[in-house]
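*Asks:* The chain contents come next:
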Amino acid sequence: PVPSLHQSHLLRELIRTIRTARTQAEEREMIQKECAAIRSSFREEDNTYRCRNVAKLLYMHMLGYPAHFGQLECLKLIASQKFTDKRIGYLGAMLLLDERQDVHLLMTNCIKNDLNHSTQYVQGLALCTLGCMGSSEMCRDLAGEVEKLLKTSNSYLRKKAALCAVHVIRKVPELMEMFLPATKNLLSEKNHGVLHTSVVLLTEMCERSPDMLLHFRKLVPQLVRILKNLIMSGYSPEHDVSGISDPFLQVRILRLLRILGRSDDDSSEAMNDILAQVATNTETSKNVGNAILYETVLTIMDIKSESGLRVLAINILGRFLLNNDKNIRYVALTSLLKTVQTDHNAVQRHRSTIVDCLKDLDVSIKRRAMELSFALVNGNNIRGMMKELLYFLDSCDPEFKADCASGVFLAAEKYAPSKRWHIDTIMRVLTTAGSYVRDDSVPNLIQLITNSVEMHAYTVQRLYKALLDDISQQPLVQVSSWCIGEYGDLLVSGQCEEEEPIQVTEDEVLDVLEGLLVSNLSTPVTRGYSLTAIMKLSTRFSSVNRIKKVVSIYGSICLQMYSHSLQALFCRNDSTVVLSKSSLFYRFNLHVLYYLVSLLFQANDLLDLLGGNDVVPVIQTTLPTKPASAGGELLDLLGDLSLSSRTSLSLSPFLSLTHSFTFFLSTVITIHATNTTEADMTEFVFQAAVPKTFQLQLLSPSSNMVPALNQGSVTQVIRVLNPQKQQLRMRVKLTYTHKGSPVQDLAEVNNFPPQSWQ
Amino acid sequence: MQFMLLFSRQGKLRLQKWYVPLSDKERKKISRDLVQTILARKPKMCSFLEWRDLKIVYKRYASLYFCCAVEDQDNELITLEIIHRYVELLDKYFGSVCELDIIFNFEKAYFILDEFLLGGEAQETSKKNVLKAIEQADLLQELWEPPQGWLSELSLPAST
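These protein sequence lines are chains U and Y, in that order.
Per the numbering used here, numbering of the first sequence is gapless, rising by one per residue and ending at 758.
Per the numbering used here, numbering of the second sequence is gapless, rising by one per residue and ending at 160.
You may find that some hints are simply not true.
Stated by the list, open to error - Using 30 Å as the maximum straight-line C-alpha spacing, the simulated BS3-like pairs for lysine-lysine come out as follows:
| hint | chain 1 | residue 1 | chain 2 | residue 2 |
| --- | --- | --- | --- | --- |
| 1 | U | Lys338 | Y | Lys44 |
| 2 | U | Lys171 | U | Lys151 |
| 3 | Y | Lys55 | Y | Lys25 |
| 4 | Y | Lys59 | Y | Lys44 |
| 5 | Y | Lys108 | U | Lys112 |
| 6 | Y | Lys17 | U | Lys33 |
| 7 | Y | Lys12 | U | Lys33 |
Don't read these hints as lab results, they were simulated from the structure.
I would like the entire structure built from these sequences, with the hints used as guidance.
*Replies:* Below, the structure is given as structure tokens:
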């Protein structure tokens, strides 16, 4: 049975009882019972037990139970005259009250009174609470009191007032000015508590205001003196930590010196000696000494120190790297990372130690070592460094692989000693971390490979061999498919110079590509790439029938899957484009998709196989509209098409529509203008107008001359935005010069096939 | 310092001191997530980590984890010393402190912390002075007589 808990039970008894609960449910039951008792006690306005009840509530709050009904009680405790009440009341306020609720403002008056209390410990409670959780309004109201206490000779209060002032300034920066007079002789204090908090206050003011910074620069000599005394003074039991006198104060002074010395030659010079002294004389066997050295290094690196001092600092970091204590290694790597750009040569000297840290067990150390290693790669050390980094890539945690792969690609691009080395490095990354490389790596690598003309044979051979081993890593498969599609002829003709050429037949190559098409491991995007590759090979290989067969089986479904997949990647459900239209990955994949579509159109035989009917076939894809600037690309692609008009639809005597495909909200139509007369039509301009509900975009025409006697045509690609899906009608105006005279031809085109606008 | 948490190896919170304004709900979420993250770390890992956009410094003393979230410019190594100083203060006050002391006298642990740090910064660097102040305040608590002249039942300080 749950023991009954009378509200007069002491706090510790409650804690003991609650801890006997064996299950969460049992605990909850006890707590609920106790809370009920406490609530009724609060309702009765019982002064006697209020303090204890709030304390109990705070314990239960720490266990995770709601305690908001105690908030007002805390305020009552604060207002009480009993010190015990105030102590618990202020604690409760700090734990239960949220400065964003108005309730806390009720504290303001109590705090004001307590700041002026006759007992310093009560004043202390008020200062502490204000400095911990005071809202902006409270700070505004009470800043004057804090400022008063900042000038008191009572060091117990003065130190607290200083930190309280820091909080006030953080909350209400405009109030900073009013504390300026009180800072006048803060540093003349002997009391370390006051000194420490004063330095914190001065630091805050200097960081926030350039004027304050200028004003306080004159304190540099005094700060240097105080620091010197701390270092030179004998053993002081009160402030000693492992043989070092008040390390906390030393660190804060060093930090303030950093801020004051930054971008100021004179101040930097004034602190030069003391920094050198601290850097060389501080005991390094314990963490506390290293903490001071660390701060010293940060200061040296940030001010205008002379080069000797900077080298000293970097060497300290170098020694840190060899320290057994991993925390020390961690801060060393962090600091070196900050300074590697400005002091590159000095950091280079510690390169091998940094590389060793790649093998550290700690994840944060590894990450920093990796970043630093990449920062240190240059033309001289690229081979050695890359060896280490690739080894790291092989064995590192998955969370590193993407960044490491990107880093390797970047470094290789900048410093590759040879094209072959470059390709080999890429291969290594793709085969060992192929699933982790970023999306835009694929188009980047394809670009790189395309440009390395003399390596094509070698590259395609290596990629082909990689595919034989493993088709699970999509980026590798995509790059490989692309290359095989481009350079498959080099592959089967065994032209590789860099290594032993392999013997492979066209059928074997097509086996592999077809395998990708059907494999469960391939994503729709990958299937799109392999289909594109297969189709490209129809012009390079002789096995055209086999290719036709593949396309007839897989072409349509593959294209649809690819385009749907791209839409899912590029758009949300409402077809708002989420991936940046400027991203390489986006542009490249649209390019591949258009290319695939155009290849399918290009091979007119294939169109028949795609389930042609006598209407112009339209392949419905849902894609975001191509940005206007890329119109040229589209035309380039379509310009590759053979212009036989076997399946074209005549729109008028001159005009025929050969292809159209509808993207998400717009339709792209290709219109051909032909000329059956005996004279050329020159200066040919095609203009079109559509009804209001449409929007029209004419891309650049293929030329402005339509040759006579059907010897050629002008191709005009039109993009029509048809959000209301109305029947497309167009008024067309053709202007040209024929046999020397200008001609104007107007036509209404109303017979667009339904598929081109539905 | 933005906050300090003390928690056991089972993830039970023993002390939470917040120096930044956050709602109860937000505090609970941060505590829960951070505690899980730290408990998942192996002993060989270093005492520092980046978590969300915070720098975390933590150290384990016996069955208690002491965990602080500090600002970007704060010196992690000296934060370890701050943590150590707090442990020393608790140790001196409770006499060879253990987790149970913190559990049963949690309000004292807060009082001590509030004499050592204020607004997330050290207000006193002398161990002696912090302990003296606590001693005096405890005495005040014991001896304080309200105007009515009768003593209320007080929770007794740990030293008696």
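*Asks:* Just pull the numbers of the violated hints for me, sorted ascending.
*Replies:* Going through the list in order, the structure violates no hint and respects every one.
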